[in-house]
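These protein sequences, in sequence, are chains S and Y.
According to numbering that gives the first Met the number 0, the first sequence is numbered sequentially starting from 0.
According to numbering that gives the first Met the number 0, the second sequence is numbered sequentially starting from 0.
Treat the hints as calculated values from the structure; they're not laboratory data.
Heads up, the beta-carbon is just placed ideally off N, CA and C, and yes, glycines get one too.
A couple of the hints might just be wrong.
[What the hints assert, rightly or not] Restraint ranges, calculated between C-beta atoms of paired labels, are given here:
1. A152(S) <-> L25(Y): 36 to 46 angstroms
2. A19(Y) <-> G58(S): 10 to 20 angstroms
3. T606(S) <-> W23(Y): 52 to 62 angstroms
4. D41(S) <-> S37(Y): 51 to 61 angstroms
5. L25(Y) <-> G581(S): 39 to 49 angstroms
6. W23(Y) <-> S74(S): 34 to 44 angstroms
7. T606(S) <-> A24(Y): 23 to 33 angstroms
8. L37(S) <-> W23(Y): 18 to 28 angstroms
9. H398(S) <-> A24(Y): 44 to 54 angstroms
10. L140(S) <-> L25(Y): 51 to 61 angstroms
11. R31(S) <-> W23(Y): 21 to 31 angstroms
12. S74(S) <-> A19(Y): 24 to 34 angstroms
13. A19(Y) <-> E575(S): 14 to 24 angstroms
14. A24(Y) <-> E575(S): 16 to 26 angstroms
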Amino acid sequence: MSCCAAGVEGALEIERAGQGLPASEELWLASRALGDGLRQTDLSVPGVHCGACITTIEGALRKRPEVERARVNLSSRRVSVVWKEELEGRRTDPLEIARAIRGCGYEAHLFAAGEEEGDVLLKQLIRAVAVSGFAATNIMLLSVSVWSGADAATRDLFHWISAMIAAPAMIYSGRFFYQSAWNALRHGRTNMDVPIALAVTLSYGMSLHETISHGAHAWFDASVTLLFFLLIGRTLDHMMRGRARSAISGLARLSPRGATIVNSDGSRDYRPVDEIRPGERLLVAAGERIPVDGCVLSGATDLDRSVVNGESAPVAVSVGDAVQAGTLNLTGPLTLEATAAARDSFLAEITGLMEAAEGGRARYRRIADRAARYYSPAVHLLALLSFIGWMLIEGDVRHAMLIAVAVLIITCPCALGLAVPVVQVVAAGRLFQGGVMVKDGSAMERLAEIDAVLLDKTGTLTMGEPRLTNAGEVDPGALATAAALALHSRHPIATALHEASGAAQPLGGEIREIPGAGIEAETSDGVYRLGSRAFACGGAGAASGQSEAILSLDGRELACFRFEDRLRPAARETVEDLSRLGLTAGILSGDREPVVAVLARRLGIATWRSELSPRGKVEACAAAAEGGHRVLMVGDGINDAPALRAAHVSMAPATAADVGRQAADFVFMHQSLNAVPFAIETSRRAGRLIRQNFALAIGYNVIAVPVAILGYATPLVAAIAMSTSSLIVVFNALRLKGLGTAAAPESPPRAAGLRPVRSAS
Amino acid sequence: MNTLIYLIPIALFLGALGLAAFLWALKSGQYEDLDGASWRVLDDGDGKPEKD
């Protein structure tokens, strides 16, 4: 199975194996006790995507003596491991489990807490669908016998059996509608569920009355089939909201859950991040995220501050500098003094901004809700009018009631209930195949309405990873030496260097990394240095921008490597596609003005803004909304998250920061940016199909309602009409699958020398 | 007519059996990883199902 990541990319993955693993204490905190000395840990493994991956991971885990059971869930890309707390009197280190997974070449993360609530409602809904389906088929069988001419005693028997099957099914499966209808009525509103609950109850009551009085017609089949179809719609709608979310959280990277505290007596403690108080001293190792805002007491390092300003270039910090929570410590260990508790830290401020920005979206009403607002009073009125009308004409309460019930059943929003969710599920499936995950059905509705797109720069239009630009100009020998040195650093530039050179031979001699400066190696040839010009050449020459690295031998410059952040694949085509779709594109960046200006010119984007804070981005989105625009925001960083929330609809790449992915409505898995126009086009098509479905459902009502009002709707007609309208709507939705897939982004290239695709593909 | 006395309960019983089987399968988590299940069929393990 060559599709599997393990073989091809294993070597590179293992090389990076030291990084990113959650700490042992953290794993212990996140596991849950099962009793009998067993604990369970759930890890997110975004890399699994085929049967071989399952076998590899499960095999590797089961080989470990402390592992009791291990099971990979491919749908949610998670592995759950049950392990023994103690093995032969020794406490088990859960890190070994994570390491075993890493050892097979897969990344393993803990996922953010509070997302494993499990989908209880979905299970209840599926059970309700099963029960109502069972009841519907059996009652329908009995009804067919009645329609084909069962006589008096047999017909009564069949009606009684139907009544007995229908009653529990309606209580069990109908409770969702009853609860929702009751809630709406109690608050003085009506919704789609009110006519449903009313129709189902009335038709059951009338049927029971008919059965007792030996009537010829009963409506049990209609009421249960109605529930069956509506529950399918409800279940699809729920799946639409739930499924993508679990996949996204499966990718969630870890934000710090705790930190090592140094007490005044020198002892060390690992504590959850909420319990860290200002004034306490923290140890942050290289590769960890800073847990709370603080001030550096000792140590020097490079910080990846992309969460704050979205910029990829690391910033050197040393004693006395302030650091923000959530930034990534790249090269050296730090001792910090906490200056704020977790709830007052930078990350908390971002969360606050996000909550404040939420308002605009909360006001959005889903198409189905908007339809329900007009539909449900109209239906009630119609049923009431036909009851009054027939009372006036005939004066027969029973017959008038029967006709009113028939009107209610026929107009029941069965097709309407399916119209939206079926289309959305099909569209989401199509998007998923194209590598775009949708969090919520309403996101597609919103995406179809946009008229402007705002893009973030670093990490969205560009990859956010520096790349060597002058590989052809430098001496291959120097490049190999530099790559060998770079192997010892996690600095993004070092990673870029050794990726550019391919396989690097390890360098003999003593190698050390000087935080904030570079790498130094004492070899038999002399002292090699790789880093800033000041560091490599002993202070000669002015320090230039961040994007170059110098290799020197005993202070003599051997080579100068220049780096540039490369454009995301298909960025230019995307901008063209957007204007073809009639949308204006703009850039919102936290980066410096000249950099943004150059990029905007290269892509042909006229409107751009630079040096924006997270708040500035939110304000830009709000200003666009006030100008009557509906904006799609595409961004990746934590600094974009509030803006992603504030925009009408938002999108983030899978490589985005955890918070960015959580805030966005769409997440695209492939590297290429043409996922953006693809998602817009699919959403617009879905929007068209939804409107067609509404038209079909309403058209059906226009035909069926007069028949019901005039009193010609027998149970058979009602059942057939209802099912046909539902099926037509479903078939119409399936047309979306058949529509051309030319716009679908192709899979990412797997060319040699490229870094492994991090996301699932 | 008399056969109906037997046939209808039998039909209902069989239907209920199917329903119960489905509910049991749902409860025991067989629908939790549909993607994984389609791959596991191809896996020539030791033939023993893994408990979860």
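Consistency of the hints with the structure:
1. A152(S) <-> L25(Y): 36 to 46 angstroms: Holds: the Cβ-Cβ distance is about 39 angstroms, inside 36 to 46 angstroms.
2. A19(Y) <-> G58(S): 10 to 20 angstroms: 35 angstroms, violated
3. T606(S) <-> W23(Y): 52 to 62 angstroms: The hinted range 52 to 62 angstroms holds for T606(S) and W23(Y), with Cβ atoms some 59 angstroms apart.
4. D41(S) <-> S37(Y): 51 to 61 angstroms: 22 angstroms, violated
5. L25(Y) <-> G581(S): 39 to 49 angstroms: Holds: the Cβ-Cβ distance is about 46 angstroms, inside 39 to 49 angstroms.
6. W23(Y) <-> S74(S): 34 to 44 angstroms: 20 angstroms, violated
7. T606(S) <-> A24(Y): 23 to 33 angstroms: At roughly 55 angstroms between Cβ atoms, A24(Y) and T606(S) fall outside 23 to 33 angstroms, so the hint is violated.
8. L37(S) <-> W23(Y): 18 to 28 angstroms: 25 angstroms, holds
9. H398(S) <-> A24(Y): 44 to 54 angstroms: 46 angstroms, holds
10. L140(S) <-> L25(Y): 51 to 61 angstroms: Given range 51 to 61 angstroms: violated, Cβ gap about 24 angstroms.
11. R31(S) <-> W23(Y): 21 to 31 angstroms: With a Cβ separation near 26 angstroms, R31(S) and W23(Y) satisfy 21 to 31 angstroms, so the hint holds.
12. S74(S) <-> A19(Y): 24 to 34 angstroms: The hinted range 24 to 34 angstroms holds for S74(S) and A19(Y), with Cβ atoms some 25 angstroms apart.
13. A19(Y) <-> E575(S): 14 to 24 angstroms: 58 angstroms, violated
14. A24(Y) <-> E575(S): 16 to 26 angstroms: Violated, at about 50 angstroms.
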